[in-house]
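Engineer: Okay, here's what each chain looks like letter by letter:
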Amino acid sequence: MSDSVETAAIAAPVPAGQSGTVVRSTVMRRLLKNPMGIASLAILLTIAALAILAPVIAPFEENFANISKTLAAPDSVNIMGTDSAGRDTWSRLLFGAQLTLLSALLCAGVAIAIGLPAGLIAGYYAGKFEAVSNWVVSILMSLPGLIVLLTIRAAFGPSVWISMIAFGILISPSYFRLTRTAVQSVRNELYVDAARVSGLSDLSIIARHIFSVVRAPIIIQTAAIAGVAIAIQSGLEFLGLGDPTKATWGVMLSEGFKNVYLTPMLLLWPALAMALTIGGLVLLGNAIRDALEDGEKIKHRKKVVSAESTTADAAKARPSRKSVAAVETGTEHHLVKVTNLGVGYPQADGSIKKVVDDVSFHVDRGEILGIVGESGSGKSQTAFSILGLLPDNARIVGGSIQFDGNYTVAPGEDRVSQERLSKLRGKRISYIPQEPMSNLDPAFTIGYQLVTPMVRVLGISKAEARQRALKLLTDVGITNPERTFNAYPHEVSGGMAQRVLIAGAISCEPDLVIADEPTTALDVTVQADVLDLLRELQQRLNIGVILVTHNFGVVADLCDRVVVMQNGRLVEEGTVREILRNPKEPYTQTLLGSMLEGKTPMTMLVSKPGSAAEKEPVA
Amino acid sequence: MSIPFDSSQGAPLLSVENLVVEYPSKRFRAKPFRALTDINITIGQGETLGLVGESGSGKTTLGRAVLGLAPVTAGKVIFEGNDISNASRKERRTLSRDLQVVFQDPYTSLNPALEIGDILAEPLGVQGMEPAAAKKRVKELLDQVGLPTDAIHRLPREFSGGQRQRVAIARALALSPKLIVCDEPVSALDLSTQARVLDLFLQIQKDTGVSYLFVSHDLDVVRHISHRVAVMYHGEIVEQGPAEVVTRDPEHPYTQRLLLASPVPDPDRQEQRRADRHRLLANQRSQIEQQGAVA
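In order, the protein sequence lines correspond to chains A and B. Numbered according to the numbering used here, the first sequence spans residues 52 to 670. Numbered according to the numbering used here, the second sequence spans residues 12 to 306.
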């Protein structure tokens, strides 16, 4: 097995140590697939080629003046005509391109040379250097740029180069801030820690692990900055502050403006050159950004495709929307019944990727059903389709869901009916999430977040809802409900936040609670308390509970019945004792075999001795 | 190679003595935050010390202090007889041959822009190994952790969580270290993946005689993989001893609560454990009340 793999690896012509190229080549390919990318690249490359070849292809010297032929119209010798001094416009445009592009590069180069290293150091080391450089940056940014440039011109004379170096310094804070922010976001990544443990010097860490993060934003920023530099430089020259002995687009523009009534065409050519260059740079920057964010673009496209393809289906389903079909007789007494449910996501190529496939189960009042499975088994997707909280692009590809004798997803419907579910959600079906902290809004007090839904759903007054909320907080075992009521989410612990969410879930007296890994994010001792609370509330209120979890201990603690899911399919269903003691399916047996409880320590769990380096199954 | 640890066999590989770690407070002239108080642990050759505790107990900080990633305020970290508590970057580079790490999150512990081959070759290159020799070693490593050789030219995002954790383990093994600090290496993994990765850790120890400082919040995991176990609570070690004793018959009230809080996968035994836990909690509460009354 490993032999064949090895030969294949040797045959592959890619040498080691070229990770950058691999990444970049795909970005490059995506860039070239984008019409905007190709167009802007073509324009910029053409202009650059013309600038480089200017001495060869220009018919005249940039300052060669034919006094007898001023302000001439285009002809075979001067293909774009001549200016007021009889100089050839086409030649001057070519030489101007040289100077304009080079000075823009100089400006970006100076800005990068200052901003990039400073940003890397400030972001990586923080501390004093960052504090000092922040001061310098703030001062630079508060300087009025144009006035500084005018002063420099007055002091050093009308040199394009000096003014562009000055402008580069003035604009370097934009690189500094960009770099520093990017570096700060990865400084504490674990792979940087791993590199430190390996003994890599700071310089190598920055070069290998940090610089790759800022590379792409720097390229995009440079495209924008080069455009701005051309505009600023040409602006100065247009005002007459340029070097009159050099041909640049700004000088030509100024010249054209003086003669605008005599030969308006003189104004057109440099303006057109500038517009093409600056526009090309901006569009190139956008195209690179799109190429780097291609993943998100595919998603977007996916949505469009699916919307088109499902209009027909939706039209078919429409008649059934008004009068929902009655559920199969004999099944009305189930609180929830899921029949042959399939959930899928349309892909870019038009196919549908199924994440839930032919899943059927039911939950009765007063019963706790556990849905067990590993990541990617579709257990959360199943729960979310009962709640009607699937993402917009998800489709019900088969089956039905009924709640208390009525369909929420009737057979043949391809989406969860929000109309029907919004009447149930919060009132009769409620939800306990996995991450308690990210499910409370940090901007509002806990009390506000408990009271508002009750006022809306139950139609009671605020004061009444407040009384109820305080009682609920006591019910979920919070010793000082008054203080928790007035607290903001960040002021309580994770276990406390989960109790608050449980209080919220039962606040409107639901018939069904769906709990998605409700204790996974909690410490073990807190988990035990929360499980106790869930059991006690469920027995007291006689509600149905669907408990999504990966932990068989939690299942044993709470559940009456269990369904086991794998890769979107239902593998096994039974009472908790059947499943945990006599699992019939090999997958359930493997899962239970992976439990550590009751195993002899220091022995192999799933592999044979000596073969622990077994291949990971493809996920 | 697997020699059961015997404390009479000379000096331990790693010993941490009266370690204190404090983080400076963000606020001006405020008292620094004390993450670890007076920690004493030792790890012998080929031994695994399990470190268990709840979130915020300081177990991760202890691992980071050993690696030089957390500031040592007082006390000593002694590795093979040398005090490494304030080792310079250069000394760390030498040390990295013997002291390595596997982090919790296999998604952020591998640089997403580097190929697996480059990630694994990095520690080898730091030690000055020739590229050709490094490439050979990388292949050996991939084989050792059960990944296909063609993984060399693939990016981390092409692998599942369990496979990424194998890459992280391979990186830690690259220089044949004597001690690996494992910071919750299986808690982000699925149950069956966790079992396979634990098997891999055991197999590697059997084959190479490496020692582990194994940090986890899960008492079952720690019991399974450790020779000895230390329990942390609020920045202190509250109990320490042979794994069998600490994880089955603990003395400290917190460890007792921890043990009975972990649910077992059988409804009837779990009901029993639940009852035991409630009894324990009631006992501990009444004890505290009595102590309060005496005081």
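Calculated directly from the structure, the hints in this document are not laboratory data. Heads up, the beta-carbon is just placed ideally off N, CA and C, and yes, glycines get one too. Among these hints, one or two may not hold up.
Stated by the list, open to error - 27 Å max Cα-Cα, derived DSSO-like pairs, lysine-lysine:
no.	chain 1	residue 1	chain 2	residue 2
1	A	Lys650	B	Lys217
2	A	Lys179	B	Lys217
3	A	Lys513	A	Lys474
Claimed, not checked - Partial selection, computed: residues in chain B whose CB lies under 8 Å from chain A:
no.	residue
4	Tyr34
5	Ser66
6	Leu80
7	Ser99
8	Thr119
9	Asn122
10	Arg182
11	Ala254
12	Val256
13	Arg259
14	Arg285
15	Arg290
16	Leu291
What the hints assert, rightly or not - Which chain B residues stay away from chain A? Per the calculated CB distances, all over 12 Å, these:
no.	residue
17	Ala41
18	His228
19	Glu247
20	Arg288
Engineer: Now look at each hint and say whether the structure bears it out.
Structural biologist: Each hint, compared with the structure:
Our distance criterion of 27 Å between C-alpha atoms is met by lysine 650 of chain A and lysine 217 of chain B, whose separation comes to about 18 Å. Between lysine 179 of chain A and lysine 217 of chain B, the direct Cα distance comes to roughly 48 Å. Violation of the 27 Å bound is thereby established for this hinted pair. Distance hint between lysine 513 of chain A and lysine 474 of chain A is fulfilled; the C-alpha atoms sit about 21 Å from each other, no more than 27 Å. A cut of 8 Å between beta carbons decides the hint on tyrosine 34 of chain B: the least distance to chain A is about 13 Å, and the hint is violated.
Here the hint on serine 66 of chain B is kept, as its CB sits about 6 Å from the closest CB of chain A, short of 8 Å. Given the 8 Å rule on beta carbons, the hint for leucine 80 of chain B holds: about 6 Å separates it from the nearest Cβ of chain A. Hint status for serine 99 of chain B: violated, given a least beta-carbon distance of 10 Å to chain A, over 8 Å. Against a cut-off of 8 Å between C-beta atoms, the interface hint on threonine 119 of chain B holds, since the closest Cβ of chain A lies about 5 Å away.
The beta carbon of asparagine 122 of chain B comes within 4 Å of a beta carbon in chain A, closer than 8 Å, and the hint placing it at the interface holds. The criterion of a C-beta within 8 Å of any C-beta in chain A is met by arginine 182 of chain B, whose closest approach is roughly 7 Å, and the hint holds. Checking alanine 254 of chain B against chain A: minimum C-beta separation of about 6 Å stays under 8 Å; hint holds. Interface hint status for valine 256 of chain B: violated, as the beta-carbon distance to the closest one in chain A is roughly 12 Å, over 8 Å.
Below 8 Å, beta-carbon pairs count as interface contacts, and arginine 259 of chain B has none with chain A, the closest being about 10 Å; its hint is therefore violated. This hint holds: arginine 285 of chain B has a C-beta 7 Å from the nearest C-beta of chain A, less than the 8 Å allowed. The restraint placing arginine 290 of chain B at the interface with chain A is violated, with a minimum CB-CB distance near 13 Å, outside the 8 Å limit. The beta carbon of leucine 291 of chain B is not positioned within 8 Å of any beta carbon in chain A (closest approach about 11 Å), and the interface hint is therefore violated.
No Cβ of chain A approaches the Cβ of alanine 41 of chain B within 12 Å, the least distance being about 18 Å, so the stated non-interface status holds. Taking the minimum C-beta to C-beta distance to chain A, about 7 Å, the non-interface status of histidine 228 of chain B is violated against the 12 Å cut. The Cβ of glutamate 247 of chain B sits about 17 Å from the closest Cβ of chain A, beyond the 12 Å cut-off, so the non-interface label holds. Residue placement check: arginine 288 of chain B does not keep its beta carbon more than 12 Å from all beta carbons of chain A (closest about 6 Å).
Hint violations for this structure: numbers 2, 4, 7, 12, 13, 15, 16, 18 and 20, all remaining hints satisfied.
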